[in-house]
Amino acid sequence: MAFKEIALNMGPQHPSTHGVLRLKLAIDNEVVLSLEPVVGYLHRGMEKLWESLTYTQIVPLTDRLDYIAALSNNLGFVLAVEKLAGLEVPPRGRYIRVALAELQRLASHLAWVGFQANDIGAMSVLLYAFEARERVLDLFEEYIGARLTVHGIRIGGVPRDFDPEFVRKIERTLDGLPATIRNIELLLNENRIWQERTRGVGVVGAAEAVDFGLTGPPLRATGVRWDIRMDVPYSSYEDFEFDVPLAEHGDVYDRYLVRMEEMRQSMRIVRQALARLPGGDFTAKVPRILRIPPAEVFQTIEAPKGELGFYIKSNGTDKPERVKMKSPSFINLMSLAHMSRGNLFSDVVGILGSLDIVLGEIDK
Amino acid sequence: MPGEPEPWNSRGTLNKPASAPPFLLAKADAFIAWAQKNSLWPFGSGLACCAIEMIATAAGRYDISRFGMELFRASPRQADLFIVAGTVTNKMAPVVRRLWEQMADPKWVVAMGNCAVSGGPFPTYAVLQGVDKIIPVDVYVSGCPPTPQGLLHGLITLQSKIARSHPTREILKPDVR
Amino acid sequence: MSDRPALLPGFEDILAALEGRFPGAVLAVEAARGECSVRVGPERLADILKFLKAEQGFAALQDMIGLDRGPAPPAGAGRFAVLYQIYRPADRRRLRLSVEADEANPLPSAVATWRSADWAEREIFDMFGLRFAGHPGLRRIYLDEEFDGHPLRKDFPLGGRSGGL
Numbered sequence: 001m002a003f004k005e006i007a008l009n010m011g012p013q014h015p016s017t018h019g020v021l022r023l024k025l026a027i028d029n030e031v032v033l034s035l036e037p038v039v040g041y042l043h044r045g046m047e048k049l050w051e052s053l054t055y056t057q058i059v060p061l062t063d064r065l066d067y068i069a070a071l072s073n074n075l076g077f078v079l080a081v082e083k084l085a086g087l088e089v090p091p092r093g094r095y096i097r098v099a100l101a102e103l104q105r106l107a108s109h110l111a112w113v114g115f116q117a118n119d120i121g122a123m124s125v126l127l128y129a130f131e132a133r134e135r136v137l138d139l140f141e142e143y144i145g146a147r148l149t150v151h152g153i154r155i156g157g158v159p160r161d162f163d164p165e166f167v168r169k170i171e172r173t174l175d176g177l178p179a180t181i182r183n184i185e186l187l188l189n190e191n192r193i194w195q196e197r198t199r200g201v202g203v204v205g206a207a208e209a210v211d212f213g214l215t216g217p218p219l220r221a222t223g224v225r226w227d228i229r230m231d232v233p234y235s236s237y238e239d240f241e242f243d244v245p246l247a248e249h250g251d252v253y254d255r256y257l258v259r260m261e262e263m264r265q266s267m268r269i270v271r272q273a274l275a276r277l278p279g280g281d282f283t284a285k286v287p288r289i290l291r292i293p294p295a296e297v298f299q300t301i302e303a304p305k306g307e308l309g310f311y312i313k314s315n316g317t318d319k320p321e322r323v324k325m326k327s328p329s330f331i332n333l334m335s336l337a338h339m340s341r342g343n344l345f346s347d348v349v350g351i352l353g354s355l356d357i358v359l360g361e362i363d364k
Numbered sequence: 001m002p003g004e005p006e007p008w009n010s011r012g013t014l015n016k017p018a019s020a021p022p023f024l025l026a027k028a029d030a031f032i033a034w035a036q037k038n039s040l041w042p043f044g045s046g047l048a049c050c051a052i053e054m055i056a057t058a059a060g061r062y063d064i065s066r067f068g069m070e071l072f073r074a075s076p077r078q079a080d081l082f083i084v085a086g087t088v089t090n091k092m093a094p095v096v097r098r099l100w101e102q103m104a105d106p107k108w109v110v111a112m113g114n115c116a117v118s119g120g121p122f123p124t125y126a127v128l129q130g131v132d133k134i135i136p137v138d139v140y141v142s143g144c145p146p147t148p149q150g151l152l153h154g155l156i157t158l159q160s161k162i163a164r165s166h167p168t169r170e171i172l173k174p175d176v177r
Numbered sequence: 001m002s003d004r005p006a007l008l009p010g011f012e013d014i015l016a017a018l019e020g021r022f023p024g025a026v027l028a029v030e031a032a033r034g035e036c037s038v039r040v041g042p043e044r045l046a047d048i049l050k051f052l053k054a055e056q057g058f059a060a061l062q063d064m065i066g067l068d069r070g071p072a073p074p075a076g077a078g079r080f081a082v083l084y085q086i087y088r089p090a091d092r093r094r095l096r097l098s099v100e101a102d103e104a105n106p107l108p109s110a111v112a113t114w115r116s117a118d119w120a121e122r123e124i125f126d127m128f129g130l131r132f133a134g135h136p137g138l139r140r141i142y143l144d145e146e147f148d149g150h151p152l153r154k155d156f157p158l159g160g161r162s163g164g165l
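Quick mapping for you: the protein sequence lines, in order, are chains A, B and C.
Number 271 in my numbering belongs to position 271 of the first sequence; there are no gaps in the numbering.
Number 70 in my numbering belongs to position 70 of the second sequence; there are no gaps in the numbering.
Number 38 in my numbering belongs to position 38 of the third sequence; there are no gaps in the numbering.
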């Protein structure tokens with residue numbers, strides 16, 4: 001049979017593209033020759049909108065970027081604003097932020113493993129993971145009233161204190177989660193079908209990964225030990241003891257292993273933060289109208305999806321001159337073409353899922 | 001009454017002679033509407049953050065399958081309920097319109113979330129200020145995002161709307177809207 | 001430059017190396033909040049970027065940022081600027097390079113140095129209308145090809161030009 005290249009279009013409406021993403025594939029029988037992502041179907045003009053809002057007004061809009069891990073966006077943005085304005089967050093506020101951010105990482109990775117397993121065909125894992133995620137979302141709802149677009153980290157600190165009753169609730173939730181995570185691992189880790197569909201699929205090497213700008217679990221799955229929480233610590237992360245999971249092959253299976261272990265490490269960090277919660281204020285005094293003299297700042301954090309950052313340029317008013325978001329999913333998606341080449345096109349869904357992208361963050 | 005044969009037999013069916021089968025009397029409208037509203041197949045058009053809450057509604061705790069709606073179809077040809085969950089951008093608008101046109105009648109549309117209702121918090125150059133600018137909407141569910149309870153309330157409202165509708169008019173006179 | 005702000009030790013070495021290899025290239029230095037921002041001219045930009053990656057160990061380009069100072073910028077400044085935010089993992093050092101840009105003279109593309117510049121440059125082209133010479137396929141990334149205008153320019157209205165919908 002002669003060689004014949006077929007053009008295949010996936011999306012923008014597709015159950016497994018994790019949002020409105022369009023992929024233009026060129027395939028030879030079933031092998032992917034080239035792949036071009038087309039983004040912008042969720043481009044809402046956020047950066048332009050932010051130039052006409054005050055810093056405080058921007059914070060709730062950052063929830064809508066990576067909507068599966070809203071608190072990380074909040075944290076990234078407010079840290080940049082605080083660095084710019086010279087605001088110091090009190091220790092209790094910093095520890096509460098760490099607890100919230102790690103709980104958010106748990107919720108995000110649980111949603112991720114549910115979606116990834118569902119895309120590959122293990123649909124029950126979606127239901128188990130979402131049930132566990134609901135327990136974490138209950139905590140957010142009790143804390144500040146919202147489940148998804150939480151807005152629970154604000155400029156200067158956090159909006160509410162953690163009272164002892166709430167701390168006990170968090171600990172009880174954390175007591176129940178390892179069993180669910182263990183269940184999911186029992187279903188997937190040694191599963192022959194899971195391994196055949198994920199081992200050796202979507203491989204990327206360590207040097208290429210760095211050159212592509214990959215960050216987060218896809219980078220750590222290649223063995224490169226970059227984690228902003230350890231490298232350029234923020235919000236008192238240096239006070240906590242935790243491991244950074246690494247793997248070596250850089251395939252879909254390794255990214256899965258890295259994220260599962262990260263969930264355990266997150267629980268470890270939350271327990272430490274709650275056990276050693278310092279006394280005092282949970283937020284700094286922030287002026288009602290926050291005017292920041294002209295300056296610029298670039299601040300990144302280790303979000304569940306990778307290295308999330310904000311560049312802010314202030315101009316003396318209460319509104320920023322320019323806000324640019326460094327989106328980990330945007331940069332990670334660039335390497336999808338490289339990772340998919342040579343794989344079967346039915347594996348593209350698995351590889352795309354393993355990058356853990358969120359279109360809200362890609363398209364801004 | 002003593003002496004009369006038992007109406008119900010041990011198999012759990014009625015002791016009726018074969019020439020007199022039991023039958024059900026109902027208005028065709030009520031019966032068809034009942035069938036339609038309890039077996040809606042949503043088209044999973046998750047565009048943004050609301051999609052995650054839609055998935056949470058379909059997951060174990062909020063269990064949309066209590067209402068007959070757990071079968072989210074990936075293809076619009078097989079669905080009859082278009083839940084527009086998320087921001088419709090100007091780039092995505094023609095796609096949404098085309099997907100709606102590909103759905104066969106009878107079909108319903110739920111605009112879920114503030115963005116689908118009226119553009120949400122994004123009055124920008126790139127966002128369609130409400131999906132009802134391109135397709136007719138039956139139920140508006142506001143919230144940013146609406147909680148699963150909110151979405152279920154919207155779907156139950158849609159079910160009451162379907163219950164009040166007259167499907168026989170469309171069957172007997174399909175060109176009249 | 002004697003009026004150089006006090007820098008963190010690691011930055012002094014980088015600047016010395018940069019000025020040694022490209023004399024006169026460094027036009028201004030700003031340092032605040034633990035960050036260092038260096039303004040260079042566009043002439044030797046491609047070589048400067050290669051030098052920073054290959055010989056100074058800046059293995060990762062974290063982000064590229066476009067700036068528009070508005071159609072009537074303050075005296076002495078151009079309208080557009082492009083910022084390169086790069087990272088050296090060996091000592092966890094970040095550096096920000098800023099270059100004045102304008103539509104008529106495209107900057108050289110950084111894709112040959114860091115592949116992560118690919119979509120970042122497309123985004124700057126889409127939002128600001130600045131081209132990059134040598135980019136393998138420069139086209140809009142977020143908006144439709146037929147879209148008229150570049151939204152992040154200060155003279156582009158938030159609601160869009162043709163009235164929106």
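There could be a bad hint or two in this list.
Heads up, incomplete: computed chain B residues facing chain A, CB under 7 Å, no partners named [what the hints assert, rightly or not]:
(1) Ser-10
(2) Leu-47
(3) Ala-59
Some residues of chain A that are not near chain C, with every Cβ distance over 10 Å (derived) [claimed, not checked]:
(4) Lys-24
(5) Glu-30
(6) His-43
(7) Lys-48
(8) Phe-166
(9) Arg-229
(10) Glu-248
(11) Glu-261
(12) Pro-287
(13) Ala-295
(14) Glu-307
(15) Gly-309
(16) Arg-322
(17) Ser-346
Here are the computed lysine-lysine pairs in the DSSO-like style, where the Cα-Cα straight-line distance is at most 27 Å [unchecked claim]:
(18) B:Lys-161 <-> B:Lys-107
(19) C:Lys-154 <-> A:Lys-313
(20) A:Lys-4 <-> C:Lys-53
(21) A:Lys-319 <-> C:Lys-154
(22) A:Lys-4 <-> A:Lys-285
(23) B:Lys-27 <-> B:Lys-133
These aren't lab readings, by the way, just hints derived from the structure by calculation.
Just so it is clear, CB atoms sit at the ideal spot from N, CA and C, and this is done for glycine as well.
**Asked** Holds or violated: Lys-161 of chain B with Lys-107 of chain B, Cα cutoff 27 Å?
**Response** Since the Cα atoms of Lys-161 of chain B and Lys-107 of chain B sit roughly 13 Å apart, the hinted pair holds (cutoff 27 Å).
**Request:** Classify the hint on Leu-47 of chain B as holds or violated, based on whether any CB of chain A lies nearer than 7 Å to its CB.
**Result:** holds (6 Å)
**Prompt:** With d taken as the least Cβ-Cβ distance between Glu-30 of chain A and chain C, does d exceed 10 Å?
**Reply:** Given that every Cβ of chain C is farther than 10 Å from that of Glu-30 of chain A, nearest at about 26 Å, it holds.
**Prompt:** Any Cβ of chain C at or closer than 10 Å to Glu-248 of chain A, or is the non-interface label fine?
**Reply:** holds (18 Å)
**Message:** The output says Arg-322 of chain A does not contact chain C. Does that hold with a beta carbon cutoff of 10 Å?
**Reply:** violated (6 Å)
**Prompt:** Would you say Ala-295 of chain A is clear of chain C, with no C-beta pair closer than or equal to 10 Å?
**Reply:** Nearest chain C Cβ is 6 Å from Ala-295 of chain A, so the label is violated.
**Asked** Is the nearest Cβ of chain C still more than 10 Å from the Cβ of Ser-346 of chain A?
**Response** Ser-346 of chain A clear of chain C: closest Cβ-Cβ about 26 Å, beyond 10 Å.
**Prompt:** His-43 of chain A: least C-beta distance to chain C exceeds 10 Å?
**Reply:** violated (4 Å)
**Prompt:** So is Glu-307 of chain A really clear of chain C, every C-beta pair being over 10 Å apart?
**Reply:** violated (7 Å)
**Asked** Non-interface claim for Arg-229 of chain A: all C-beta distances to chain C beyond 10 Å?
**Response** holds (12 Å)
**Prompt:** Is the Cα-Cα distance between Lys-4 of chain A and Lys-53 of chain C 27 Å or less?
**Reply:** Outside the cut-off at roughly 41 Å; violated.
**Request:** For the pair we were handed, Lys-154 of chain C and Lys-313 of chain A, check the Cα-Cα distance against 27 Å.
**Result:** holds (14 Å)
Violation of the numbered hints given earlier is confined to hints 1, 6, 7, 13, 14, 15, 16, 20, 22, 23; the remaining hints are satisfied by the structure.
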